[in-house]
Structure formats: C-alpha cells, structure tokens
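**Student:** Here the structure of chain U is known, so what remains is to put chains E and V in place on it, guided by the hints.
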Amino acid sequence: MTDTTYVIRGAETVDGTRTDLVLRDGRVTETGTGLSAAGATVVDADGLLVLPGLVDLHTHLREPGGEGSETVLTGSRAAAAGGFTAVHAMANSSPVADTAGVVEQVQALGERAGYVEVRPVGAVSQGLQGTHLSEIGAMARSRAAVRVFSDDGSCVADPLLMRRALEYVKGFGGVLAQHAQEPRLTVGAQMHEGALSTELGLAGWPAVAEEAIIARDVLLADHVGARLHVCHVSTAGSVEVLRWARSRGVDVTAEVTPHHLLLTEDLVASYDSRYKVNPPLRRQEDVDALRAALADGTIDVVATDHAPHTSEAKCCEWDAAANGMVGLESALPVVQATMVDTGLLDWADVARVLSTTPARIGRVVGQGQPVAEGGPAELTLYDRTVTRTFSTDDLAGRSTNSPYLGRVLPGRVVATFHEGRATVLDGAVVDADEVAAAARGASR
Amino acid sequence: MRHLLSTADLSRAEAIRVLDVAEDMADTATREVRKLPTLRGRTVVNLFYEDSTRTRISFEAAAKRLSADVINFAAKGSSVSKGESLKDTAQTLEAMGADGIVLRHPASGAPRVLADSGWVDAAVVNAGDGTHEHPTQALLDAFTMRRRVHGSGSRGRDLDGLRVLVVGDVLHSRVARSNAWLLRTLGATVTVVAPPTLLPVDVSRLGVAVRYDLDEAIADVRPDVVMMLRIQQERMHEAAFPNPREYARVWGLGAERFRSLPERTLVMHPGPMNRGLEIGDLAADSSRSTVREQVANGVSVRMAVLYLVLAGDREDRS
Amino acid sequence: MSTRTVLSQADIARALTRIAHEVLEANKGPEGLVVLGIPTRGVVLAERLAATLSSISGVDVPVGALDVTMYRDDIRRHPTRTPQPTTLPSGGIDGATVVLVDDVLYSGRTIRSALDALGDHGRPRAVRLAVLVDRGHRELPIRADFVGKNLPTSAAERIFVRLHGVDDDELVAIEGGADS
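If you're matching them up, the sequences are chains U, E and V in order.
Our numbering numbers the first residue of the first sequence as 1 and each following residue consecutively.
Our numbering numbers the first residue of the second sequence as 1001 and each following residue consecutively.
Our numbering numbers the first residue of the third sequence as 2001 and each following residue consecutively.
If you are wondering where the hints come from, they were derived from the structure by calculation, not from laboratory data.
As the structure is a prediction and not an experimental result, all values here were calculated from the model.
Accuracy of the hints is not assured; some may be wrong.
[Unchecked claim] Which chain E residues face chain U? A few, computed with CB under 10 Å, are given here:
1) A1107
2) A1110
3) S1117
4) D1129
5) D1202
[What the hints assert, rightly or not] FRET-style restraints, in silico, Cβ to Cβ:
6) D1121(E) <-> G427(U): 39 to 47 Å
7) T400(U) <-> S1204(E): 33 to 41 Å
8) D1051(E) <-> D2168(V): 53 to 61 Å
9) H2164(V) <-> R1259(E): 49 to 57 Å
10) G1161(E) <-> A2013(V): 54 to 62 Å
11) D2073(V) <-> T1053(E): 30 to 38 Å
Even for Gly, the Cβ is constructed at its ideal location relative to N, Cα and C.
Isolated chain U (complex conformation) (with noise of 0.2 Å):
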C-alpha cells in the first residue's frame, strides 16, 4: 500500500511567505505556489498557519498499568490533535521504565498505533525509589535509545545520586530531566504555599521547595560538566536561578508548561481538583515572569506534563484528587494566547520552543526541521483567527481532566502530518484504523 500524496495549497510559513507544499513518501518534497500532484489529496490550507510538527519533551501516556486514564494509543491521537508529532512518554508507568523491555514496549505500541514518535523516557532510578540507578545503558542502547531520562513524579532527592546520574547519563550522551521538589518540604503538600493556603487551609508547597532542587541541580552539572533539564519551571525564583546559571555557562535547558504561563492559585479556592496539578499553580507574579523567561530564552521550551486521570482519581475532595491536567489537545491555544497574542513570542518563536528547540534537548532526528523542501513530513497546520470555547468536543485523549473547559481560546489545529501521513485532518483526528494500516504499509 503506497502512502498518499498531500499538496498543501496556500499556508503561510512562520516568516509570513505564502507556499504550496508536496509531501510524498514521508518528506516534502516541493515547495513553491501553484503546485500539484498526480492522485494527489489535495489540502487547502488558504489562512492557516504550517508549522513543524510539535514535540513535546513531557507527556504522560499512562501505558503500562494506567490504561483506565491513557493508552499509547489515545495520548498518541490526543498528541496529534494537538498539532504534535512527537512525543516524550514519561517513565512513571507501571511497571516503571526503567528496563530496556518496558522502553521498547513502549515505543512499538507508539509505532503501531503510527500517530506521532513515541520517544519513551528512561527512568534515573529503578522503579522511581530514588536510590539504585536504573539500567540507563541498556535503555539507551536499545531499539528505544533512550536519550532523556527523568524520575519525574518524583524528584531525584539524594544529592549523590544525582550526581551520579548527570555523570553517568552524560556517558551515554543523554541529558537528565528533573522535578525539582525537594520532598522533605513538601510533605503532603497541596497547593502553592502563600496566603492563598493559609486562608483555604490547605497545606502548602513552597516555592523554596523547587528553587532549592534547582539551585543545587546547576551546580551540579556545572561541576561534573553534564547536561541537566529541568523539567515544569514554576517559579519567579526558578527562573532567576536558572538566569544565573546561564550566565556562568551552565548546560541547563528548561521547559514550561501551558498551564503555568496562563493559571494561578486563585483558581484553588473553588475546592475544584480540575486545577490540582505538580508543581502547582502560583501567583500572577510567577506567571508574569515564567512568560518573560520563555521570551528571552531563559526557559527553552514549552512542555505539555500531559497528565490524564479518570473522573474517579479527579471528582472527590482536594486532597484526594490525583494531581495532573491534560494539556496535549490545548498547548498551542494556550501559548497563542498568553504569548502570542501578547507580543512577547512570534510564531517562528513558537516553532522554536515547540517543536526546533525540545527535538533538540530530546535529541530526536527528523522532528522539529523547518518546513522546506527536502525535510521531513512532520508538520501542522493552524489557524490562528478562530477563537471557540474549548470543551471535551476538543479532547482526543481518553480523559477529560482540562482546567479549561468552558474557557474561550484562540486557535485551532486543522490538520497534523506525521511521516507524511495525515493523522489529524479538516480538524479531526484520523480514524485509528486508517492510521494504523498506513503506518504498517509505509516502508521504514
């Protein structure tokens, strides 16, 4: 079975120029106006925007052992909903990743279900304990080659391990993502520690918490000359320590995720666990500044921390509510409408910390290219000019834990290609069928 041919009428690229694109046996193979094909399908693109496929460096895809909330399969139609065609699946499944068996699972139920790149995330430690370093060499070395590896849900605490693990790692030429929360702080913690958790009375997680982690973490790559991520930056203070750290030449990246650029705490004092999420929501102070820091590039990317849940694990009492939102469906709105729309970030800026910068840190081939002649056929197409309210309608994962339901949004994905393929298209997600056999015919 041969892959369609797509030609792409009339988007417009991040520079502003108008272009016809040709994508044919998984690359795109013509750019310029007035282009077609033989038997191709054609896709007018007239007023959206293409951008390259994005890649997300956080997703929780839930699969092994948290099938109720995600599989690979619906995070994947979820991701390519989003506009992504890449995604990293984080390690805290069950059994955890932190074998070569569990990564490899992992990544050829993302090649057959053939909606993105399933990239799986190594675990640093076995079974996320924080103590014992996990086989990163045989994940690394495997048909997954694992390249980030990350414990997140929990912090790697122990400063010995850490600094192990930013050495070892660097020997297999794989960077460290961290959840910088320093567990002894943050003992049963529920919410952004301040004011606003005095007067709910809940307990509170205090920004110290994160920013020490973070402190210490630089120092510590700087000295064993490693690379560290940090993973969900949700602090003014976080931000500034990083600024230091860059300044003393630091190889440290950074990731922010769309909630944290838009939501704060206030949103807590409904009780409503639709806002429940780790790191939490902070003040408009931090979110302030978390936008700052991802203009001027102290923050390299944006990072979705997709996190689904069932009804069950969300609709109880606060303190029993699992943490987590998803967010794969919703990233580009988001970020259109607290940078974008704002001025602080143009969209050759968003290709950059969403798809050209994270392929990067991931370490990914083929993923966040320009859009041109002879790259990969990885790539989205937009519009910008609509604006809807968002509802489980856009949802294409398996829950419905969104903070913004019922909130209005710029922006919506038209159609997603991934090796060519269309997975998302007039706005839809492809048939999963469809996908899957036209991933199974296209030759690798």
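**Tutor:** For chains E and V alone, coordinates are given in the frame of chain U:
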C-alpha cells in the same frame, strides 16, 4: 442561608442573625419542654469522617431539640473506610432521605465540594474540614463572648472593640481561621500568638496581628479574651517545638501568666484541654473560664444553624 | 387600589377598653390573668390591654410575649423567618388564665401554633383569645373570645394594622377588592 460552609462567607448582619436566633434557642433550655417542633419530619445526618464524639453529640442534641430525626454515620468501620467515595456516601444518604448533612472531613474544602457538586440536594453544614474552617465553633465562641460581655442585652449586638488573643497552633487550626474571620466581621481585633513554626508563613488574608511572645502580647494588647488552642503532641515530632515543657513555659497559660491577665479577661478553649500544656488548672477552672458554657452554647448555636438552613422554602435556599 | 380606614386611633383605644372590661367580667376579676401578646403587634396590644386591666382592677396583671415562629405549620412554604423573643412573666403560666392577644384573626393557624407553644411552656388553667380584628375565613375550629371589630372581608382584600410603638401612625385599614 442554603449551607453553612465557612464564617468567611457570613456578613455582619447574617452573623448577628445566627447569634440572635441562638439566643432564642438557648431560652428553650430553660423551659419545661426543652423541645421545639420546628424540624419535625426532617432528617439530619451527621457524616463524620473524623472521630469527634463531642461535636457530633452537640449536633445530635441540637437536631433532636428541634424534633428532627438524626442519623449518625461514622466513617470508620463503614463502607467508607473500604474506599466508598464522598460522592457515593452522600448520594446514599440522600436516597435515604437526608435533608441536611453535617459533614466533618479531614480534607479542607470537602464541604464546599459536596455543596457545589450537585450530587445531593441536602443542605450542608461544615462541622470541621481539615485545617480550613469550623464555623459553628467560631459562632459558639462569639455567642459566648457576646453573652459574657452584654449579658441579657446581647440581641442585635456585635463584638465591636473586643480585643482577642488566639494562642497556639494557628498553622493547623481550623478553629483559629474561623474565629479570625468571624471576630473581624463582628468588629473585634484578633492577635495570634505562637512560635513561628506554628504560624502560617503568610497570614495577610486572615486579618490578624502576629506575635511570638505571649507575655508581651498580654501586656501590650490588654486582651478581653484569651483563646487557647489545643496543642497536638505530633507537632513535636515535626520539629515545631522541642518538647511540651518548653511549649508550656513559653506559650502556656500557667498560673503566673493567668494572674498577669487583666481582671476581666475571659479564658476560652475549644476543648478538649491538655491541662498542664497549653492551659493550667488555675485558668481552666477559674470563674473567667468559659469552657463549660461553650459546650452548652454549642447546642444553642447549632440549633440556630440547623433551623436557618433547614426551615424555610426551597427558593430561600439559594 | 382603594384603601379605606375602618378603625381610627380613637376607635382602637375604645375597643381595647371595652375588651378589658369584658375580660374582667368573664373572669370575674383579675385573679390568675396572664396576658401574652403574639409578636409583633400583638405584643403592643397586649401591653396596653394589661395596663388597662391593671388600672381598672387595681391589680398588676402580668404581661409577656409568646413567639410562635417555631411552631407554625407552614414553615416550609415560606422563606426562613427570624424568631422574636418569647418573654414570659416571672410567675409562669401554670394554672393561670392566659389571654392571648393578636392584632388580626384570619385562618386561625397562628393561634393553633400559639396553643402548641403555650403547651411547651406549661399548663394554663384556661386560654382565652382577644383580637383587635376578626376578618373571618377560618381554616381551623378556632374562635376569639374577645373581638375589637368584626370585619368580614374577601380573600382578595388586605387588612393593615398600624400601631404606635411599631409604626408611625395608628389605624386599621382595608385595601383592595375585586381588582387588587
């Protein structure tokens, strides 16, 4: 009043109304028949996820004095401990005909979640949620202060100008929070006194002044009321203070410190007391101690609350 | 909508004086009498009635207020009402002849509630009812022993009672009719 979830939600007029209705309820205790038929045919469920015999009995007495039927649902040893959710438990109780649910829960915000969820039609009364609020405790404390200060002329009055010290584990105390908001609404000023380890980092939204030294606070503030909060020994293991002896010496209302209080200062405690730790015998048993009448007033105040949330038509309860 | 005054301030005073004489006649003197007004305006009337009884008979007749909010049978049909204080005279009501006083007698349900409330306070020897206005339309077998004025009304009409001590002026008026 549809639910009673917090004192922060009560306006001055609403708070005074509750206290005034409680005066009427208190009067029934002096009559031959200490019962009113007002809530006949209504069912009140005490849904208690935390052990608390005292508060539960107080609500039970209050409901019975209004002729309501009472069901006690203790979460321990029931299907809840096996993981039946708040949602399922509440809906089961409603299916059994609960008109009002008095909820005590270890999770802050649980009564709000229940009230806003749409799972039940019943009125929700917060009997203590986590470290957030305990509104009926604050109301009975205010009622007690008002009666001691204004006596039989209490109806319609607030606590304007009253100076209150709240001493103890403010960080973990829902009683402290509820009192802070209600007392301020009623015109009193509140100062909290505790070691920094037992104070929240940011109290700006509570509207209280902060002190670490109790003797200085007593001398400077000249309080009309000193409210001692119960200290839990577990806090010692969290390194909040080195040992009970030091705590008692520095922040306890022992004999000498009690004698240093202005002559008419009331001594209050929500109970149960740790005699010898946060409060000594001399203070606890003095005529200025309101500990026992706080218990009696608790029933009157809870009668007033149950009346206000359960009597009345549907449209009123919006 | 038309409003007409049916009792002036002077009429009200005359009616109360007449009722006081009738009460003393029926009771053969002031012995054992306790006058209880039903808030709000019944209390004003009760205080005046007790004062008149005391001055005519030369004996101090105890007076108090009996709030019936908690005993109403229509609690769930109306917004929650704030109760008024109940203050019984220090001698109590056991064995007394209680004269309940209210401004308007209509369905009779308020008086039924008052009888229930009274029963929870003690056991009077007898209970009598004095009202300023009886407008008919009884829903229960309740009747007044002493009436200031009988005012047959239609259900569409409204009766206003205003008394000094609660209101700025003093009168009884009927408002409305077929088109109100």
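**Student:** That 53 to 61 Å hint for D1051(E) and D2168(V) (C-beta), does it hold up?
**Tutor:** holds, 57 Å
**Student:** How does the Cβ-Cβ distance of T400(U) and S1204(E) compare with 33 to 41 Å: does it lie in that range?
**Tutor:** Distance hint for T400(U), S1204(E) holds at roughly 36 Å.
**Student:** Would you settle whether the hint for A1107(E) is holds or violated, based on the nearest Cβ-Cβ distance to chain U being less than 10 Å?
**Tutor:** holds, 4 Å
**Student:** Does the Cβ-Cβ separation between D2073(V) and T1053(E) fall within 30 to 38 Å?
**Tutor:** Holds: the Cβ-Cβ distance is about 35 Å, inside 30 to 38 Å.
**Student:** Next item in the hint list is A1110(E). Is there a CB on chain U closer than 10 Å to its CB?
**Tutor:** holds, 4 Å
**Student:** With chain U as the partner, please determine if D1129(E) meets the hint condition of a C-beta pair closer than 10 Å.
**Tutor:** holds, 7 Å
**Student:** CB of D1121(E) to CB of G427(U), is that within 39 to 47 Å?
**Tutor:** This hint holds: roughly 40 Å between Cβ atoms.
**Student:** That 54 to 62 Å hint for G1161(E) and A2013(V) (C-beta), does it hold up?
**Tutor:** violated, 44 Å
**Student:** Against the range 49 to 57 Å, how does the distance between the Cβ atoms of H2164(V) and R1259(E) compare: consistent or not?
**Tutor:** holds, 54 Å
**Student:** Could you check if D1202(E) really has its C-beta closer than 10 Å to a C-beta on chain U?
**Tutor:** holds, 4 Å
**Student:** For the hint on S1117(E), does the least C-beta distance to chain U fall short of 10 Å?
**Tutor:** Cβ of S1117(E) sits 8 Å from chain U, so the hint holds.
Consistency with the previously given hints fails for number 10 only.
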